[in-house]
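**Student:** Could you slot chain B onto chain A? The hints should help.
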Amino acid sequence: DTAVSQTPKYLVTQMGNDKSIKCEQNLGHDTMYWYKQDSKKFLKIMFSYNNKELIINETVPNRFSPKSPDKAHLNLHINSLELGDSAVYFCASEGQDYGYTFGSGTRLTVV
Amino acid sequence: GNSVTQMEGPVTLSEEAFLTINCTYTATGYPSLFWYVQYPGEGLQLLLKATKADDKGSNKGFEATYRKETTSFHLEKGSVQVSDSAVYFCALSFSNSGYALNFGKGTSLLVTP
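Read top to bottom, the protein sequences are chains A and B.
Mapping of the first sequence onto the working numbering: position 47 corresponds to residue 47, and the numbering continues sequentially without gaps.
Mapping of the second sequence onto the working numbering: position 57 corresponds to residue 1057, and the numbering continues sequentially without gaps.
With the rest of the complex left out, here is chain A (with noise of 0.2 Å):
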């Protein structure tokens, strides 16, 4: 039963496209997060949410745009796609005892 889900696992869409990725957690913790890998294997903070609210949101282009129906589910809405934007994006969940979990990643390429 996995802790983290996320869909799709790879993601390939022309530049100027809008695109979704969606992440759930059973694991019932109150923090998601997304963050962004780059090729080079830098990872970077992009936003999190506790219980629904937003709050890291750190320098990204506000073509992203993440969304938590609940605190179950953080999704990351991407509008007019770059090639920039080419990354593994990660999803995790914090619980207690600085207890994070990774999702396995969605790799975005723009083409």
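One should not assume that every hint holds.
Pairs of lysine-lysine, DSSO-like flavour, derived with a Cα cap of 27 Å [what the hints assert, rightly or not]:
{"#": "1", "chain 1": "A", "residue 1": "K9", "chain 2": "B", "residue 2": "K1077"}
{"#": "2", "chain 1": "A", "residue 1": "K71", "chain 2": "A", "residue 2": "K36"}
{"#": "3", "chain 1": "A", "residue 1": "K41", "chain 2": "A", "residue 2": "K67"}
{"#": "4", "chain 1": "A", "residue 1": "K67", "chain 2": "A", "residue 2": "K44"}
{"#": "5", "chain 1": "B", "residue 1": "K1056", "chain 2": "B", "residue 2": "K1077"}
{"#": "6", "chain 1": "A", "residue 1": "K40", "chain 2": "B", "residue 2": "K1052"}
{"#": "7", "chain 1": "B", "residue 1": "K1052", "chain 2": "A", "residue 2": "K52"}
{"#": "8", "chain 1": "B", "residue 1": "K1052", "chain 2": "B", "residue 2": "K1068"}
{"#": "9", "chain 1": "B", "residue 1": "K1068", "chain 2": "B", "residue 2": "K1056"}
{"#": "10", "chain 1": "A", "residue 1": "K52", "chain 2": "B", "residue 2": "K1060"}
{"#": "11", "chain 1": "A", "residue 1": "K44", "chain 2": "B", "residue 2": "K1068"}
{"#": "12", "chain 1": "A", "residue 1": "K52", "chain 2": "A", "residue 2": "K22"}
{"#": "13", "chain 1": "A", "residue 1": "K40", "chain 2": "A", "residue 2": "K9"}
{"#": "14", "chain 1": "B", "residue 1": "K1056", "chain 2": "A", "residue 2": "K22"}
{"#": "15", "chain 1": "A", "residue 1": "K52", "chain 2": "A", "residue 2": "K71"}
{"#": "16", "chain 1": "A", "residue 1": "K22", "chain 2": "A", "residue 2": "K9"}
{"#": "17", "chain 1": "A", "residue 1": "K67", "chain 2": "A", "residue 2": "K22"}
{"#": "18", "chain 1": "A", "residue 1": "K41", "chain 2": "B", "residue 2": "K1060"}
{"#": "19", "chain 1": "A", "residue 1": "K36", "chain 2": "B", "residue 2": "K1105"}
{"#": "20", "chain 1": "A", "residue 1": "K9", "chain 2": "B", "residue 2": "K1068"}
{"#": "21", "chain 1": "A", "residue 1": "K9", "chain 2": "A", "residue 2": "K41"}
{"#": "22", "chain 1": "A", "residue 1": "K9", "chain 2": "A", "residue 2": "K36"}
{"#": "23", "chain 1": "A", "residue 1": "K19", "chain 2": "A", "residue 2": "K41"}
{"#": "24", "chain 1": "A", "residue 1": "K22", "chain 2": "B", "residue 2": "K1105"}
{"#": "25", "chain 1": "A", "residue 1": "K67", "chain 2": "A", "residue 2": "K36"}
{"#": "26", "chain 1": "A", "residue 1": "K71", "chain 2": "A", "residue 2": "K40"}
{"#": "27", "chain 1": "A", "residue 1": "K71", "chain 2": "A", "residue 2": "K44"}
{"#": "28", "chain 1": "B", "residue 1": "K1077", "chain 2": "A", "residue 2": "K41"}
Worth flagging that the hints you see were computed from the coordinates, not collected in a lab.
Keep in mind that this is a model prediction, so the values were computed, not measured.
**Tutor:** For chain B alone, kept in the frame of chain A given last:
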């Protein structure tokens, strides 16, 4: 600001060699420290953590000790295996309520038979 610095990779070792991956941090206050591992094509898994000075985290033969005096959290393993080939990330965080993990740039490890 808060940051984590790891040794540059890639690191290539023969099986059964001793591993050290250096990690130092800069932080205002006393963070919790973590090592995460990412196997090829997979997500990140927590390898070990330490929440206060002098704590030692350990798991699967890996160890790291939180050294406040040197602001370090070096990862060690006495005898690496081919299956340890992965990217290792050092990270810090400040609370368990919405403060994101701040990662180092990762160190790629390749263990050859």
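**Student:** Indicate, hint by hint, whether the structure satisfies it.
**Tutor:** Against the structure, the hints come out as follows:
{"no.": "1", "hint": "K9/A to K1077/B", "verdict": "violated (32 Å)"}
{"no.": "2", "hint": "K71/A to K36/A", "verdict": "holds (21 Å)"}
{"no.": "3", "hint": "K41/A to K67/A", "verdict": "holds (25 Å)"}
{"no.": "4", "hint": "K67/A to K44/A", "verdict": "holds (19 Å)"}
{"no.": "5", "hint": "K1056/B to K1077/B", "verdict": "holds (13 Å)"}
{"no.": "6", "hint": "K40/A to K1052/B", "verdict": "violated (30 Å)"}
{"no.": "7", "hint": "K1052/B to K52/A", "verdict": "violated (30 Å)"}
{"no.": "8", "hint": "K1052/B to K1068/B", "verdict": "holds (9 Å)"}
{"no.": "9", "hint": "K1068/B to K1056/B", "verdict": "holds (12 Å)"}
{"no.": "10", "hint": "K52/A to K1060/B", "verdict": "violated (36 Å)"}
{"no.": "11", "hint": "K44/A to K1068/B", "verdict": "holds (25 Å)"}
{"no.": "12", "hint": "K52/A to K22/A", "verdict": "holds (15 Å)"}
{"no.": "13", "hint": "K40/A to K9/A", "verdict": "holds (19 Å)"}
{"no.": "14", "hint": "K1056/B to K22/A", "verdict": "violated (36 Å)"}
{"no.": "15", "hint": "K52/A to K71/A", "verdict": "holds (5 Å)"}
{"no.": "16", "hint": "K22/A to K9/A", "verdict": "holds (10 Å)"}
{"no.": "17", "hint": "K67/A to K22/A", "verdict": "holds (10 Å)"}
{"no.": "18", "hint": "K41/A to K1060/B", "verdict": "holds (23 Å)"}
{"no.": "19", "hint": "K36/A to K1105/B", "verdict": "holds (12 Å)"}
{"no.": "20", "hint": "K9/A to K1068/B", "verdict": "violated (39 Å)"}
{"no.": "21", "hint": "K9/A to K41/A", "verdict": "holds (17 Å)"}
{"no.": "22", "hint": "K9/A to K36/A", "verdict": "holds (14 Å)"}
{"no.": "23", "hint": "K19/A to K41/A", "verdict": "holds (22 Å)"}
{"no.": "24", "hint": "K22/A to K1105/B", "verdict": "holds (26 Å)"}
{"no.": "25", "hint": "K67/A to K36/A", "verdict": "holds (16 Å)"}
{"no.": "26", "hint": "K71/A to K40/A", "verdict": "violated (31 Å)"}
{"no.": "27", "hint": "K71/A to K44/A", "verdict": "holds (22 Å)"}
{"no.": "28", "hint": "K1077/B to K41/A", "verdict": "holds (23 Å)"}
In this structure, the earlier hints numbered 1, 6, 7, 10, 14, 20, 26 are contradicted, and the remaining ones agree with it.
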